[in-house]
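Engineer: Chains as they are written, first to last, in the numbering used here: chain A, 350 to 578; chain B, 350 to 578.
Just so you know, these hints were derived from the structure itself, not from any lab. Some hints here could point you the wrong way.
Remember, identical chains collapse to one label, so a pair may be satisfied in a single copy or spanning two.
Here are the computed lysine to aspartate or glutamate pairs in the DMTMM-like style, where the Cα-Cα straight-line distance is at most 25 Å [unchecked claim]:
id: 1; residue 1: Lys438; residue 2: Glu361
id: 2; residue 1: Lys485; residue 2: Glu377
id: 3; residue 1: Lys542; residue 2: Asp406
id: 4; residue 1: Lys356; residue 2: Glu519
id: 5; residue 1: Lys455; residue 2: Glu507
id: 6; residue 1: Lys438; residue 2: Asp448
id: 7; residue 1: Lys438; residue 2: Asp406
id: 8; residue 1: Lys455; residue 2: Asp495
id: 9; residue 1: Lys542; residue 2: Asp527
id: 10; residue 1: Lys356; residue 2: Asp508
id: 11; residue 1: Lys455; residue 2: Asp406
id: 12; residue 1: Lys356; residue 2: Glu413
id: 13; residue 1: Lys542; residue 2: Glu368
id: 14; residue 1: Lys415; residue 2: Glu385
id: 15; residue 1: Lys455; residue 2: Glu474
There are 2 protein chains.
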Amino acid sequence: MTEHTVKSYGDELSHLTAEVARMGGLAEAQVADAVECIARRDAPLAQQVVSRDERLDALQGEIERKAFRLIALRQPMAVDLRHAVAALKISMSLERCGDMAKNIGKRALILTDAEPMTALTRSIERMGKLVQGRLKDVLDAYSASDLDRAITVWARDEDVDEHYNAIFRELLTYMMGDPRTINACAHLLFVAKNLERIGDHATNIAEIIHFEITGEEIVSKRPKLDTPR
Amino acid sequence: MTEHTVKSYGDELSHLTAEVARMGGLAEAQVADAVECIARRDAPLAQQVVSRDERLDALQGEIERKAFRLIALRQPMAVDLRHAVAALKISMSLERCGDMAKNIGKRALILTDAEPMTALTRSIERMGKLVQGRLKDVLDAYSASDLDRAITVWARDEDVDEHYNAIFRELLTYMMGDPRTINACAHLLFVAKNLERIGDHATNIAEIIHFEITGEEIVSKRPKLDTPR
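So that you can see chain A by itself, here it is in the shape it has in the complex (with noise of 0.2 Å):
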């Protein structure tokens, strides 16, 4: 009851944008760490992937609490309320983002009993460090508060598109090349796909972003590859 009205409403909103921030780091870690546990077969790193993501889910509800709280209680407008929106729906996407590399450990936790695809794990690998980078850009963006950094991971969302239906292609001629292999590859299908998500909500942060420091949606829509893969 003392806290918010003894702190400045700048100080709690910038502690949110900190805890936001530190989120990123995490979601950032646990992303770079289920790419690695697929590409060098590391059961015991995935392991401490899937157990970490309870973290994630704490912070978030944490950060939801409060961005709540002190939409409530301190009636921002205009810029402030967007400040508190954007951390607030960052840290949605980051907590999705850690679901995600929680399932690629799980997926890597099976995928150490199956042979080994060495050709196609440097495909996932490399779609891996490409996502990777752009969750960071867009997150060093966020807190940079750098407008111009967030349109270019938003602009930059098709490279992601064309390794995933890359991979996706590569992933049904070695199925059909050698039926043994299908159950694995099903798995990789799906770390593949998780990873078009992620990279899916880079994109997303940086609208979030985008209509945070303009208060406008950011131009239309980008031509995106039509066929589901």
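Based on the hints, put chain B in the right spot on chain A.
Structural biologist: Positioned in the frame of chain A, the structure of chain B alone reads:
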């Protein structure tokens, strides 16, 4: 500027709740049609599902703006704040159900060009009906503020997981038996995954309703099938 000073807080809130219910009806219809176009190989319906998704996105944007404005301007406390937050969060969940229905629609368009796979499609249809039923029940629970009904939906999460796991195995067996079906089966795999995720959103909405009504998180963690498929 005048609207919210003239209208009572209760009016604004019930208007918001009604909009979420309306959005729920649309999302339900989208999910039903998505399942239908897979089951009946109905390309024109699939096209409609894809193009109608925009309406859900627009409604979600509107509900979000109104909910944040309500929270920021009216300073609701305790249960009133929970109502507004629930409306906002449920609309976010419904928007994502819509995205999944749209994705199923896109895949249905691809699948109408492939050989029919009747047994598989039947399994998907059954899972689809189950998921539809869960979404319907949880939206009924929301409209009626019916805690017991929400808890019933929440508790039956595993049925969907079991269906999904059975379909996963069925699809893999099919692919191994006839590698020419691998492409179509990969799309059906994602259709089943999308349905599973809609089921997860129904669970998530049940959790939101529980918190809205009681102010408490629903009891700890359900026993979840731990192996991702």
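Engineer: Against this structure, judge whether each hint is valid.
Structural biologist: Right, here's what the structure says about each hint:
1. Taking the shortest Cα distances, Lys438 and Glu361 sit within 25 Å of each other both inside one copy (17 Å) and across copies (23 Å).
2. Proximity of Lys485 and Glu377 under a CA criterion of 25 Å is satisfied intra-copy only: 7 Å inside one chain copy versus 36 Å between copies.
3. In this assembly of identical chains, the alpha carbons of Lys542 and Asp406 lie at most 25 Å apart whether taken from the same copy (21 Å) or from different copies (22 Å).
4. Taking CA atoms no more than 25 Å apart as the test, Lys356 paired with Glu519 passes in neither setting, with 55 Å inside one copy and 58 Å between copies.
5. In this assembly of identical chains, the alpha carbons of Lys455 and Glu507 lie at most 25 Å apart only when taken from different copies (18 Å versus 27 Å within one copy).
6. When the C-alpha separation of Lys438 and Asp448 is checked against a cutoff of 25 Å, the pair qualifies both within a copy, at 16 Å, and between copies, at 18 Å.
7. Taking identical chains as interchangeable, the C-alpha atoms of Lys438 and Asp406 lie at most 25 Å apart whether they share a chain (14 Å) or sit on different chains (16 Å).
8. In this assembly of identical chains, Lys455 and Asp495 lie within 25 Å of each other by CA distance neither inside one copy nor across copies; the values are 35 Å within and 35 Å between.
9. With identical chains, the CA atoms of Lys542 and Asp527 are at most 25 Å apart both within one copy (22 Å) and between copies (24 Å).
10. Taking identical chains as interchangeable, the C-alpha atoms of Lys356 and Asp508 are never at most 25 Å apart, the minima being 44 Å within one chain and 48 Å between chains.
11. Taking the shortest alpha-carbon separations for Lys455 and Asp406, only the intra-copy value of 17 Å comes in at or below 25 Å, while the best inter-copy value is 32 Å.
12. In the homo-oligomer, the alpha carbons of Lys356 and Glu413 lie at most 25 Å apart inside one protomer (19 Å), although the nearest pairing across protomers, at 28 Å, exceeds that limit.
13. Taking the shortest Cα distances, Lys542 and Glu368 never come within 25 Å of each other, neither inside one copy (28 Å) nor across copies (32 Å).
14. Taking identical chains as interchangeable, the C-alpha atoms of Lys415 and Glu385 are never at most 25 Å apart, the minima being 33 Å within one chain and 42 Å between chains.
15. With identical chains, the CA atoms of Lys455 and Glu474 are at most 25 Å apart within one copy only, with a shortest distance of 16 Å there and 28 Å across copies.
Hint compliance for this structure: hints 4, 8, 10, 13 and 14 are not met, and every other hint is.
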